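First to last, the protein sequences are chains C and Y. The number in this note's numbering is simply the position in the first sequence, starting from 1, with 30 added. The number in this note's numbering is simply the position in the second sequence, starting from 1, with 450 added.
Within a straight-line C-alpha distance of at most 27 Å, the following computed DSSO-like cross-link-like pairs (lysine-lysine) qualify:
#: 1; chain 1: Y; residue 1: LYS769; chain 2: C; residue 2: LYS90
#: 2; chain 1: Y; residue 1: LYS852; chain 2: Y; residue 2: LYS715
#: 3; chain 1: C; residue 1: LYS263; chain 2: Y; residue 2: LYS591
#: 4; chain 1: Y; residue 1: LYS715; chain 2: Y; residue 2: LYS746
#: 5; chain 1: C; residue 1: LYS190; chain 2: C; residue 2: LYS124
#: 6; chain 1: Y; residue 1: LYS722; chain 2: Y; residue 2: LYS662
#: 7; chain 1: C; residue 1: LYS124; chain 2: C; residue 2: LYS90
#: 8; chain 1: Y; residue 1: LYS769; chain 2: Y; residue 2: LYS852
#: 9; chain 1: Y; residue 1: LYS715; chain 2: Y; residue 2: LYS662
#: 10; chain 1: C; residue 1: LYS138; chain 2: C; residue 2: LYS160
#: 11; chain 1: Y; residue 1: LYS591; chain 2: C; residue 2: LYS191
#: 12; chain 1: C; residue 1: LYS190; chain 2: Y; residue 2: LYS591
#: 13; chain 1: C; residue 1: LYS138; chain 2: C; residue 2: LYS90
#: 14; chain 1: Y; residue 1: LYS867; chain 2: Y; residue 2: LYS852
#: 15; chain 1: C; residue 1: LYS90; chain 2: Y; residue 2: LYS612
Derived from the structure by calculation, the hints contain no laboratory data. Note that the structure is predicted; figures quoted are calculated from it, not measured.
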Amino acid sequence: MEKSDLSHHILSRYNDDLERVRTNVLQMGGFVEEQLKLAVQALVQGDSRLGEQVAHGDQKVNAMEVAIDDDCSRILATRSPAASDLRLIVAVIKTITDLERIGDEAEKIGYIGSRLAAVERPADRYREIKHLGRLVGDMLHEALDAFARLDPIGAVAIAKKDRLIDEEYEAIQRQCITFMMEDPRTIRRALDVLWVARALERIGDHAKNVCEYVVYMVHGKDIRHLSMEDVEKHLQSRSSKSPEPPPAR
Amino acid sequence: MKKVFSTFSPSGWQSVSRLGIALIVALLIGLMAGRVALALAITFGIYSLVQLWNVLRLEFWLRHRRVESPPDISGVWGEVVTIISRIYRRKQYHRARVTGLLREFRRLTTALPEGAVLLGPEHEILWFNRLAGEWLRLRRKRDVGIRIENLVRHPAFVEYLKTGYPTEGALVQDLESDRWLAFNIVRTGTAERQLLMVRDVSEEQQLQSMRKDFVANASHELRSPLTVISGYLDALADDDNLDPTWNTPVLEMRRQAERMRTIIKDLLELSKLESGEHTQGEHPVDMAGMLALLRKEVMALDQHPRDVRLLLESDVLLKGVESELHSVASNLISNAVKYTPPEGEIELRWWVDEAGAHLSVRDTGVGIAEEHIPRLTERFYRVDPGRARSMGGSGLGLAIVKHALQRHDATLQVQSKEGVGSTFTCHFPRSRIIPRSAGALATA
Chain C
31 MEKSDLSHHI LSRYNDDLER VRTNVLQMGG FVEEQLKLAV QALVQGDSRL GEQVAHGDQK
91 VNAMEVAIDD DCSRILATRS PAASDLRLIV AVIKTITDLE RIGDEAEKIG YIGSRLAAVE
151 RPADRYREIK HLGRLVGDML HEALDAFARL DPIGAVAIAK KDRLIDEEYE AIQRQCITFM
211 MEDPRTIRRA LDVLWVARAL ERIGDHAKNV CEYVVYMVHG KDIRHLSMED VEKHLQSRSS
271 KSPEPPPAR
Chain Y
451 MKKVFSTFSP SGWQSVSRLG IALIVALLIG LMAGRVALAL AITFGIYSLV QLWNVLRLEF
511 WLRHRRVESP PDISGVWGEV VTIISRIYRR KQYHRARVTG LLREFRRLTT ALPEGAVLLG
571 PEHEILWFNR LAGEWLRLRR KRDVGIRIEN LVRHPAFVEY LKTGYPTEGA LVQDLESDRW
631 LAFNIVRTGT AERQLLMVRD VSEEQQLQSM RKDFVANASH ELRSPLTVIS GYLDALADDD
691 NLDPTWNTPV LEMRRQAERM RTIIKDLLEL SKLESGEHTQ GEHPVDMAGM LALLRKEVMA
751 LDQHPRDVRL LLESDVLLKG VESELHSVAS NLISNAVKYT PPEGEIELRW WVDEAGAHLS
811 VRDTGVGIAE EHIPRLTERF YRVDPGRARS MGGSGLGLAI VKHALQRHDA TLQVQSKEGV
871 GSTFTCHFPR SRIIPRSAGA LATA
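Only chain C is shown next, with the shape it has when bound in the complex:
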C-alpha cells in the first residue's frame, strides 16, 4: 500500500508538470488570440491607442515564451521524458515558437493600425481585412482547441482551411493593386493594407503548423510537407485500428 502511494505521488508530480506546461501553452495561445483580435479591431475602427496597446502586449507574449521554454528544458533535464511525454514537450517547444511569431505579426498589425488611424479611411472600411482577420482568428482558435483536445483529425481538417486564407489573401492583393492603379494617392495606404493582409496570411500558416504538431504529438507522425489528403487517409486508417486516443485533460 505504502509503495503504491509513493509511486503515485512521484507520477502525479510529473503529470502536474506536464499538465502545467500544456495549460501555459494554451494560456499563451489565448493571449495571442486576444492580441490578434484587438489588432484587427484597432485597424478596422481606426483606434490608434488600441493599436499601441497591442504593440506593447507583445512583450508579454515574449515573456510567456521564455517561461515555457524554461519549463520544457527543466522537464527534459530532470524527468527525461519518453514516448508520448517527449513528443508533448517537443510539440510544445515548436508550438510556442509559432505562437510567438503570431504575436509578432499581431504587433505589426497593431502598429500599422495605429498609423493608419491618422490616414483617411477607405470607403469599404477595411471590410476585406476584417473578414480575413475573422477567418484567421477562427482558424487559430480551432487549432488551439485541437491542441487542448488532442484531436488530430480535427487538426487536419483545420489545417486544410489554410488554402481558403491563401485565396482570400490573393483577392486582397488583387484589390489593392487595382486601387493603386486607379489612384496613385492611395498607394501608401494600400501598401500598408497589403502588409496587414500578408501578416494575417502568415498567422494562418503558423496556425497550420500548430495543427501539424498536434498530429505529431498524438500519433508521432511528422506530416509537414505532405499533402493533406494523404495525411487524412493515413489518420483514418490509424484511428480505425486504435480507436482509443490518449485521454486529454
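Start from chain C and add chain Y according to the hints.
Frame of chain C, contents of chain Y only:
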C-alpha cells in the same frame, strides 16, 4: 441461544422438525435392520445433497437474477430467496426514483436560461448544461475531464479563475460570436467542486454602452452653449452701464450657470470612469501629501469649519491613478465642508493596518438618517432636496467616489448619526500599498 430459537420463523421450525422426523425414521429403520450407523449416514447424505442442490440453485439465480425468476424452494432456503428478492426490489425502486429525479434535474438544468459548468479541483470539466456547451463551444462527452482554461482561453477569464479577481466575475467578449459573456464561480459545499455560471450579457452590455455614450455626448454638447452663456453673463456683470436692478438677477444667473458647469463636469468625469478605460497609468500616489494640500485648500475658503484636523499615521504610497484618487478625497472633503457648520470640525485620517490602507473623513455636521445611507452613492440622490439645492453641488460626488474606488479595488463605508456627524471611510487592499522607499514620488 434462547433468543435465536425464539426468533426462528415458521419455515425455520418446519425445516428443523423435518430433519428431526427424518432422523427418527432413520433411527427406527436402523434399529429394525440392526444398522443404525448406516441408516443415519444415508439420511445425512441425502440431507446434505438436498441442501447442496438448493444452494446451487440459489447461487445460479443470484448470478442471473436479471433474467431468471426466483427458484421455488421450500423451507429455510425459500425464506432466504424471498428476503433477498425483497431487498432487490426495494433497491430497484430507490434506484428508479433517483434516476427519475436525476433525469428531471437534467431537464431543468437544460431549460435553465444560464450556462452552468461543474468543475473539479483542477478546474477540469465534470459536467455542463446545454447553454454552456453552446456558448463555450464544448463538446458533450469528449470535453469532460479537460481543464476549462485549456478550452476557454480568454485572458480575463483565466485571470478570474486563477485569482478570483475581479470579485464580481469576469466579463469577456467571445471572439467568434461577438457575444458578451459574464462568468461567475459559485463554490459549492465542498472545496473540491466549483460551479461556473455563464450568462449572456450582450444586450445589457449594448444598453450600457448606449447609455454611457448618450451621457458623454449630451454633456459634451451642453458644454459649448453654456460657455457662451457664462461669457455674456460675465460681460454683463462687469458692465457699469447696466441698470442696478439687474445686478442681483445677473449674479444669480452666474451662480446657476456655474452650478450647471459643475454638474456637466461631474457627469463627464463619471462617464469617463464608467467607460472602464484607464486613460492614465497607475503610479505610486502620496495620499498623506494630497490630504495636507486639500486641508490647506479648505482652510483658504471663505466659509470653512472651525478646525480641520489631519491625522497622518502612515506615509505609505498607494498604487493608483492620481487624478482619480484626488477626486475621491476632494469629493469626500467638500461634502464634509458643505454639511458642517462653521463651528464644527472635520478630521482627515490616513492609516494602515493588516487589512490594508484606509482613508477616513469625519465631520460633525448634520449627519444622515440610516435609511438614506445605502442609496447615497446613486447619482442625483438627495437626502433633503430643498437643502441640497441651496448648497449647490451636482449630486454626483459620491457616485464618482464609488466608481473611482471600484477601479482601485477599494470599498466605501459610511457611518452616520443624525445631528452628530458622519464618517466616510475608504478601504484599499494591501496589494496596493507601496512602502515609501520603494517607489518614486508621483505627487507634487
